[in-house]
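K.L.:
Read off the chains here:
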Amino acid sequence: MRLLQRIASILVTLLLLSILVFALQQLLPGDTAVILAGEDRSPETIAAITEKYGLDRPVPIQYLHWIGNVLTGDLGQSMRLNQSVANLILTKLPVTIQLATMALLFAIVIGVSIGIVAALKANTLVDHFVGLIGTLGLSVPNFWLGILLIMLVAVQWQWLPASGYVSPFEDLGQNLSSLLLPSLVLGTHVAAVLMRHTRSAMLEVLNADYIRTARAKGMPGRHIVFRHALRNALVPVVTVGALEFGQLLGGSVLTEFVFTVPGIGKLIVDSVFNRDFAVVQAVVLVTCMFYIVLNLLADGAHLLLDPRVRHGGRP
Amino acid sequence: MTDATAGQVRAPRRPRRLQADLSLLLGGAIVVVFLVAALGAPLFAAHDPLASDWLAVLQPPSDVHPLGTDDLGRDVFSRLLWGAQASLIAGVGAVLIAMSIGVPLGILAGFSRGWVDIVVSRLTDALLACPQIMLAIALAMFLGGSLLNAAVAIGVSTVPVFARLARARTIQICAEVYVEAAVSVGIRAPRLLVVHVLPNLAAPVLVQVSLTMAVAIISEAGLSFLGLSRPLPAPSWGAMLTVGKDFIESAPWLSVWPGLCICLVVVGFNLLGDGIRSRLDPRR
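Note that the protein sequences, when read in sequence, are chains A and B. What the first sequence shows, in numbering that gives the first Met the number 0, is residues 0 to 314, in sequence order. What the second sequence shows, in numbering that gives the first Met the number 0, is residues 0 to 283, in sequence order.
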């Protein structure tokens, strides 16, 4: 029953999402067909676009037309690149997924371990310092951090390439080194978020009765921290991590632009510069749908990790 | 390790309080400096932020130009001050929009429940599914690049945060005994909202305002970095970074200062928000 409810609410969310994304084009000033036509303003092109998207018909009909196309996998046509948007997204998405995965891994390693240290040293100087670093991580604009790293690591020390992406099928080593700086930059924010979550989750667990019992039994400290506390503290952290992955996919826009990584973020920026509206619309839609699916997976993971949820002990 | 963990996990609450006060103080100070700089830009800027000087192109920091000049010979310090104004306008505009749409929607959803709640909740879910910066970029692009449109785009992209917060708090407040008592003595809904719900919402909304200012300033910088905010040549921090990016090797000061300003102001609003929250949170 609960599963059905969940699916129904996701369907409603997807419906509203599609309406919102469709509504974007209603914001365009002037004649949509003319704007979609771009530089080619011949009457034939405009008439063809009007015909294709049904732009001469009422807005609700236009929406049905559009959503019908989307459901059959037709996300429209890029006016500048002369390619189907679906095709463009399919070629760019793997790059962004790799970047986001590397960023998430980095964020988990850094965020969770620093979070544990902060919790174990709660309210000491170490903890305050970590808190400050966390605030910095949440506040630094990633495109600026990218520029700074390029300045230091790539230009000054010449350790890593400043930009340029190499496909993993060409050379895996170069692929990883070309994505190292971008993933560090992209992961900073998530590392800070995970750090805060790990710290507070660990603190909560470490104050629980069963930890006191374990301690009273004379169990060694490392055993308590890693076997008992961390396992329980990681439950909310996994959920947060899954949700943050969705944010990474879309949040990579500026990072990809700074490092010229050819993913969907760079695709959005290029489309902004080219005024290629259909591409932006489609990328937003696809990223959001991805996020909603991830949300569902995060719930599933929560269910697997936390028996209390599985047995309905907690909502 | 055992001893260390055992002793410090249950440390007294007081240092936390101290940290909250420090956050409040430091954050507040940064925010005040930012406000003074933004509002006093016409007074403090020694040079016209738009005046090019072809004899002083890409000059490193000097006595005349304390933070150097850019590729058109414009004074970086003066442009930073005027850029602060752009950030402030975008931040305040975005927060006002997000708050004035999000809070009433959230209250409505939390108070009336039923289908209104379902629609509002799913709508916030749909908006939250979109990464904030991506939504802001898309909105700004479709609206057309201007400072006002950037504020609208950022504001709309942060509406769900306020809506969700207001809804959750309203539901919590409505479950309180004093609300039950008020209803049982016949107080009507509008009065209930004004007298009981709104005052109790003020604190969490205030915290969110500060945190959203941080998000809005970072987003405006991102939008102007892409040319989707205030049109050039008017100064804004993001647009200054766009120029700096092209002169990373020859003129690093063009990238360092605007980024540092964004970072510092965002830290300020984040600290202020965290500080207010710790101060108001009865559990701490």
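Everything labelled a hint here was simulated from the structure, so no lab data went into it. Here the structure is a predicted model, which means the values were calculated and not measured. It is possible that some hints are incorrect.
[Said to hold, decoys possible] Here chain B is said to cover these stretches of chain A; the calculated rule only asks that three of the stretch's residues, wherever they fall, bring their Cβ under 8 angstroms from a Cβ of chain B:
1) 55 to 68
2) 79 to 88
3) 145 to 152
4) 163 to 177
5) 272 to 281
Just so it is clear, CB atoms sit at the ideal spot from N, CA and C, and this is done for glycine as well.
K.L.:
Give a verdict on every hint.
P.N.:
Checked hints:
A stretch counts as covered by a chain when three or more of its residues have a beta carbon under 8 angstroms from one of that chain; for the stretch 55 to 68 of chain A and chain B the count is 0, and the coverage is violated. Remark: the stretch 79 to 88 of chain A is not confirmed as covered by chain B, as 0 of its residues place a Cβ nearer than 8 angstroms to a Cβ of that chain, below the required three. Residues of the stretch 145 to 152 of chain A with a Cβ under 8 angstroms from some Cβ of chain B number 4, which satisfies the need for three, so the listed coverage holds. For the stretch 163 to 177 of chain A, the stated coverage by chain B is violated: 0 residues have a C-beta nearer than 8 angstroms to a C-beta of that chain, whereas at least 3 were required.
With a cut-off of 8 angstroms between beta carbons, the stretch 272 to 281 of chain A has 5 residues touching chain B; three or more are needed, and the interface restraint holds.
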